[in-house]
Amino acid sequence: MTPDRSAAGLITPVQNTWCPGCGNFSIQHMMRSAIAEISEEEGIPIEKFVFLGGIGCHGKLMDYLNVNSLYTIHGRSIPAATGIRLANRDLRVICHVGDGDIYAEGLDHLIFAAKRNTDITVIVHDNRVYGLTTGQYTPTSPTGFRGRSTPRGVAEQPMNPLEVMLAAGATHIARGYTRKTRHLKDIFKEAIMHRGFSFVDLLQICATYSNLTDYYDAHIYEMQDGDLDTGRFESALQKIREWDYDRDAPIAIGTFYSIERPLYEEGFSVPPSGLEERRGRVQRLVEGWR
Amino acid sequence: MSELMRGLNTMQEYSLLIGGKAGEGINTAGLSIAGLFSSLGYRVYMYFDYPSLIRGGHNFAIIRAADRPIGAHRTRVDVLLALDRKTIETHKERIDGKTTVIYDSSQVKEGMGYGLPLDDIIAEERASPITRNSAMLGALARVAGIDREILEDVLRAAVPEKHLDSNLRVAARGYSAVESVFSVKQLDAPALPVLTGNEAAGLGLVYGGLDTYVAYPMTPSSGVLHFLAGRAEDLGIRVIHPENEISVILMALGLAYTGERAAVGTSGGGFCLMTEGLSFAGMSEMPVTIVLSQRPGPSTGVPTYTAQSDLHFALNAGQGEFPRLVVAPGDPHEACAWSATALMLSWRYQVPAIILMDKTLAEGACSFDLDASTPPRDHEPLLEDGEGEYRRYRLTEDGVSPLAFPGMEGVTVKANSYAHDERGFTTEKAEEIRALQEKLLRKAGSLKAELEGYQTVKTYGAPDAARTIICWGSQKWVCIEAAAGVGARVVQPVVLAPFPVEAWSKAMAGAGEVVCVENNATGQVARLLREHGFDPGRSILKYDGRPFAVDELTARLEEVFV
Ligand SMILES: Cc1ncc(C[n+]2csc(CCOP(=O)(O)OP(=O)(O)O)c2C)c(N)n1
Ligand code: SF4
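Chains L and E, in that order, are what the protein sequence lines are.
So for the first sequence, the numbering used here puts the first residue at 69; every next one is plus one.
So for the second sequence, the numbering used here puts the first residue at 28; every next one is plus one.
Since the hints were derived computationally from the structure, they do not count as laboratory data.
Keep in mind it's a predicted model, so treat the numbers as computed, not measured.
Wrong hints could be hidden among the right ones.
[Unchecked claim] The list that follows gives simulated cross-link-like pairs (lysine to any residue, SDA-like), each with its CA atoms no further than 20 angstroms apart: (1) LYS456(E) x TRP86(L); (2) LYS456(E) x THR85(L); (3) LYS456(E) x GLN83(L); (4) LYS125(E) x LYS212(E); (5) LYS533(E) x LYS456(E); (6) LYS183(L) x ASN271(E).
All chains should be modelled from the sequences, with the hints used to inform the complete structure.
Below, the structure written as structure tokens:
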């Protein structure tokens with residue numbers, strides 16, 4: 069039986085447990101459409117896609133889509149994704165991570181993946197709160213954010229992850245918003261098709277702990293052609309700094325930066341298969357020792 | 028003196044020590060000395076001792092050569108090669124009336140023995156300071172009555188072409204500066220290569236089918252990383268050094284999920300960081316092989332010295348309950364064979380495998396015979412046959428589910444760190460959680476049954492001896508030699524998890540008086556034996572970062588066996 073690989077066919081029978089109104093629903097739908105369309109347009113079979121999840125509400129996507137998946141541990145999906153790409157360069161590897169997951173627990177891996185330019189896509193479900201552990205602050209929560217672990221308000225400033233990623237060497241940097249669904253799908257498709265490390269910070273509504281719908285609707289705008297030069301570091305940086313995740317400012321969504329650089333995995337020769345051959349090599353090495 | 032001791036004393040054997048400052052190439056010089064004796068058909072063993080600094084301090088290597096397999100050092104030496112005064116001062120207890128001392132007279136003013144003016148020699152030969160070692164090697168060859176051609180052959184094998192000439196000239200100066208004291212006979216045995224435990228483990232992994240080795244540097248496991256990285260092209264493997272140990276094990280699991288056989292290497296501190304990945308491997312049933320090389324802890328401990336103090340950490344690391352394979356090879360031959368076996372079994376049973384080494388074994392070197400080290404059995408992973416809908420965690424009788432990898436047509440592979448059902452979907456249902464846990468336990472049982480066909484427990488010496496020495500890992504050879512001195516036999520568990528209860532009972536039948544020898548402070552293998560209902564007898568422990576010397580252990584055994 070050939071499995072149903074249409075967008076609708078990618079849904080699993082697993083019962084969905086996200087809160088009503090959660091931004092994860094639009095991510096799920098648009099990601100599903102994005103890969104179904106890429107599959108159709110580029111002739112890439114669905115079997116060639118691999119999703120990775122961290123731990124958090126975002127990770128449940130692993131259960132909801134009928135795609136190869138590795139549901140990893142908190143903050144650690146990126147090194148696993150790197151391993152997957154190294155082992156098989158035909159695969160499209162997409163990490164779905166949370167902002168607590170990847171900016172707190174897994175920041176080192178994120179920075180190194182950008183530095184390496186391994187060909188994976190990282191989609192951060194940035195709801196600016198810990199959803200699954202019931203409402204603590206994250207590295208992108210605004211100053212003064214009152215979470216369950218910071219009842220008097222966070223004293224730290226949020227980080228601007230786009231700026232961190234630009235500095236770290238990411239070759240594709242974008243931002244989306246879960247209520248701009250069509251735009252979202254295009255952002256996904258572009259990031260997945262980018263050759264190299266691509267990064268999307270997705271401003272996500274958390275209906276339960278951080279519902280910024282009104283704020284986002286009032287501030288977010290879609291970048292237009294000519295708003296910036298996505299091939300230039302300085303131009304991207306300027307745009308990335310327009311909003312710092314803290315003060316009131318217009319919030320641009322779209323692609324900030326996109327360049328080409330050699331891929332990490334190209335630096336390794338692909339190992340020859342065959343146990344017997346490998347053993348012959350061991351034998352020869354010992355025979356001609358030093 | 029016992030019959031056995033007299034027998035031992037008639038055997039051919041030599042002990043040599045070379046010492047100097049870190050940065051003077053003592054390790055390489057030691058390996059060249061080992062090569063010299065190896066080329067005459069001797070079996071050699073080298074112990075290398077060095078503090079955690081890059082220049083200065085005191086480094087030394089003790090090389091033993093014998094006409095039979097050995098794997099430990101003795102305190103006394105026949106020849107002491109001193110590149111500085113500290114070497115003579117530090118090793119006074121190793122010298123007796125029969126010891127020949129050769130020293131650098133530009134460093135040591137009034138020494139006894141042969142003084143070589145190394146500063147003058149290298150100035151006159153216009154050679155680099157590192158060639159001092161060649162002068163020492165030359166002098167040693169002459170003292171030991173070894174032909175000059177053999178000396179030159181060893182240098183040719185060890186020294187890069189462009190430095191060869193100056194090394195040969197300097198070696199010749201050393202050779203002619205001294206006289207022959209004794210005469211080392213050529214033996215009728217093949218010249219075996221000299222490998223460290225780290226190199227042997229690396230070769231074993233490749234032999235077992237390794238595709239990628241991933242590691243973050245940490246002494247004493249770095250030797251595996253350096254060796255495999257240096258030979259990656261020759262061996263047809265990939266070697267990766269990522270940002271930290273957390274990344275190391277996660278990358279390895281990503282490779283495994285995609286169908287590549289990966290191994291990682293580390294020491295205690297790095298293994299601490301890997302434990303979350305280890306549990307993930309346990310739950311998601313992804314194979315990974317971990318070379319865990321022990322050094323004294325806790326924490327940073329003593330980085331360049333030795334200990335056997337992470338056994339229970341290796342056995343129990345990670346949250347939850349899942350099966351694992353833990354093996355502790357006792358020498359480079361076992362390190363090679365069991366690394367290959369561990370890698371294959373980790374894939375066959377989809378469990379993490381830990382190869383428990385220590386500094387003594389990892390960085391110690393000995394004569395290596397690949398044919399004597401091949402693993403007992405080949406294993407291939409269980410692969411999906413393509414019939415019906417694929418379920419990554421299909422419930423089977425032996426607990427092992429067939430593997431498929433992403434990219435295969437018509438197959439969706441869902442691996443999961445959460446409790447999951449057969450298809451890999453997250454579950455919190457009581458009966459599914461129970462079924463999953465029981466599947467893991469069934470796998471543990473299958474692995475245990477598999478291991479019944481292996482030599483999981485080894486015994487050495489007279490089977491009817493009334494005394495038994497228990498040891499594990501790198502203490503194997505020192506115990507075998509010391510046992511001969513006190514009329515005991517030796518029992519060595521090679522597999523520590525799943526513990527081979529039956530093989531152990533059999534090996535210990537009629538054990539008589541029992542002593543457990545370990546390089547730790549609390550008797551970790553003794554504790555493991557007690558947990559399984561066995562009496563480990565009394566413990567002889569050493570926990571100063573140094574391995575036992577044969578004579579030292581013999582004396583300790585004589586105190587205990589009265
Ligand atoms: C090592 C570890 N520490 C802590 C946790 C508990 N934990 C689960 S989800 C989570 C935070 C999730 O927040 P985020 O990444 O923002 O994801 P969201 O739930 O908002 O999608 C934490 C701290 C864990 N699972 N593992
Ligand atoms: S807590 Fe927030 S992120 Fe999690 S499911 Fe509910 S709305 Fe979505």
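Structure-based check of all given hints:
1. About 18 angstroms separates the Cα atoms of LYS456(E) and TRP86(L), which keeps this hinted pair within 20 angstroms; it holds.
2. Of the pairs offered as hints, the one joining LYS456(E) and THR85(L) holds, with about 15 angstroms between alpha carbons and a cut-off of 20 angstroms not exceeded.
3. With a C-alpha separation of about 13 angstroms, the suggested pair LYS456(E) and GLN83(L) falls inside the 20 angstroms cut-off, and the hint holds.
4. Only pairs whose Cα atoms come within 20 angstroms are accepted, and LYS125(E) paired with LYS212(E) is accepted, the gap being roughly 18 angstroms.
5. Distance hint between LYS533(E) and LYS456(E) is unfulfilled; the C-alpha atoms sit about 43 angstroms from each other, more than 20 angstroms.
6. Among the hinted pairs, LYS183(L) with ASN271(E) is consistent with the structure: their alpha-carbon atoms are about 15 angstroms apart, no more than 20 angstroms.
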